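Based on the provided sequences and hints, a complete structural model is requested.
Mapping the sequence shown onto the numbering used here, position 108 (from 1) lands on 108, and the numbers just tick up by one.
Mixed in with the good hints, there may be bad ones.
As the list claims (entries may be wrong) - For lysine-lysine, the following BS3-like pairs were computed, each having C-alpha atoms within a straight-line distance of at most 25 Å: (1) Lys-60 with Lys-91; (2) Lys-328 with Lys-420; (3) Lys-389 with Lys-321; (4) Lys-420 with Lys-316.
In case anyone wonders, no lab produced these hints; they're calculated from the structure.
Since we're looking at a predicted model, the values are computed, not measured.
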Amino acid sequence: YVTQGLGPRVSAGSTGLIAPTRLVTEAIEEFEVDGIPMVFQNTPNTEAPSEMNTWIPGYKTLWMAENINATLHNIYTLRGAPVRDPLRWSKYINDALYRFSDEAEVMIASHHWPRWGKERIKDVLRGQRDIYANMNNQVLHFANQGVTINQIHNVYEVPPGLQQMWYARGYHGSPEHNARGVIQRFLGFWDCNPATLIPLSPADSAPLYVEMMGGAAAIMARARTLHDEGNYLLATEILNKLVQAEPGNQDAKDMLADAFEQIGYQQENPGLRNSFLSGAFELRSGIPIGDTADTSSPDVIRSMTTEQWLNFLGIKLDSRKAGEAAFKINLVTTDNGESFVIELAHGTLTNIQGYTAADAQLSLTLNRSDLSNVMSGADTFEAMVGAGKVTVEGNLSVLGQLAGMMGSFDPLFEIMPGTKVRAEADEGASLEAVVGKAVVE
1 YVTQGLGPRV SAGSTGLIAP TRLVTEAIEE FEVDGIPMVF QNTPNTEAPS EMNTWIPGYK
61 TLWMAENINA TLHNIYTLRG APVRDPLRWS KYINDALYRF SDEAEVMIAS HHWPRWGKER
121 IKDVLRGQRD IYANMNNQVL HFANQGVTIN QIHNVYEVPP GLQQMWYARG YHGSPEHNAR
181 GVIQRFLGFW DCNPATLIPL SPADSAPLYV EMMGGAAAIM ARARTLHDEG NYLLATEILN
241 KLVQAEPGNQ DAKDMLADAF EQIGYQQENP GLRNSFLSGA FELRSGIPIG DTADTSSPDV
301 IRSMTTEQWL NFLGIKLDSR KAGEAAFKIN LVTTDNGESF VIELAHGTLT NIQGYTAADA
361 QLSLTLNRSD LSNVMSGADT FEAMVGAGKV TVEGNLSVLG QLAGMMGSFD PLFEIMPGTK
421 VRAEADEGAS LEAVVGKAVV E
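The following block contains the structure:
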């Protein structure tokens, strides 16, 4: 696929979430689901923190969740997530290979097509096992020889035998960014060069580079030559400095976009391709304005724990607005028997479950089902107090203080310099009605 590697892009509509009714906690568990016997192999911290493979003996079918794909998956995901453990991933695949494959006649998974026949199933399991194990072992092999996180993607190569397997190719995760992810997981982001430990921000360091290279005109002339020679990565090195130093220089942004575009076209991996092409688009046209997936639907909110919501409020709180304010709030939800102390101190909002504070400035008691409406924004504590749904002890104005300390998040924040301003200027502009053309003028 040339969309998002494992399939088409996600919907821009609302997403839902149904909380599980039963958890699989043991390494291997067997029980019936709707009358069908199943054997569950718990595989935590592989493709996801919580995941499991399932053997369905009555159908001789092996379900491999997202642990097996028709491609190399992500060790480090470009959208951002904790780095995955490729060795653990490989070992769980190996366990499934030895535990189930002698009996399996069909293997299915979250993405892509079934594999039929014992030998085909074993081949795919071995290939996927080996690509993750090799990536872990060889990257760490090079790391122990002094190869750093900023070099490994130019050093590590998938072994030739694995390169010949379609299901080990980088159609979702790429060897380049995954190799860097392995080092990040085990050794962190730093390459041990003191110059990179607490570096200047790009906008602060770039002007000096531009000055030392002779200014914008000299940089663009050299970058054009590099571009025409096919040295696109070298062109991006110097053009990126110029764009960081001069966000309003549209000619520089257009030239950097040209280099990004050519690099993107050369990628086998859709994630790399899309990253470069998205960067090119934003440099030329600004951040795209459009619908995104709604991840805060009522289903999702209801499935969140109260602790998860309180943790999010801690992230949303702006320490600069909180200043030296300090208070405690007791939150009790009677229908599920939970209680929390929410404490603001030192510009930080923390929470602890299972306690109430005798010296709290405010205590709120309500049902968790009503709290879900507050969590989703469908209702407020103040309105529910008026409706008699919340019991209040103490100073209710503390809630107003807390609300005033919250920041707001704009998902359309700027990545490439100067692209947010361009997008805001273009939003609402008319589209010229020309056949074959729909661009903002």
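Verification of the hints:
1. For the hint pairing Lys-60 with Lys-91, the CA-to-CA distance comes to about 22 Å; that is within 25 Å, so the pair holds.
2. A hinted pair counts as satisfied when its Cα atoms are at most 25 Å apart, and Lys-328 with Lys-420 does not qualify at roughly 39 Å.
3. Straight-line distance between C-alpha atoms of Lys-389 and Lys-321 comes to about 30 Å, which puts the hinted pair past the 25 Å bound.
4. Proximity of Lys-420 to Lys-316 is assessed by CA-CA distance (about 22 Å); at most 25 Å being required, the pair is judged to hold.
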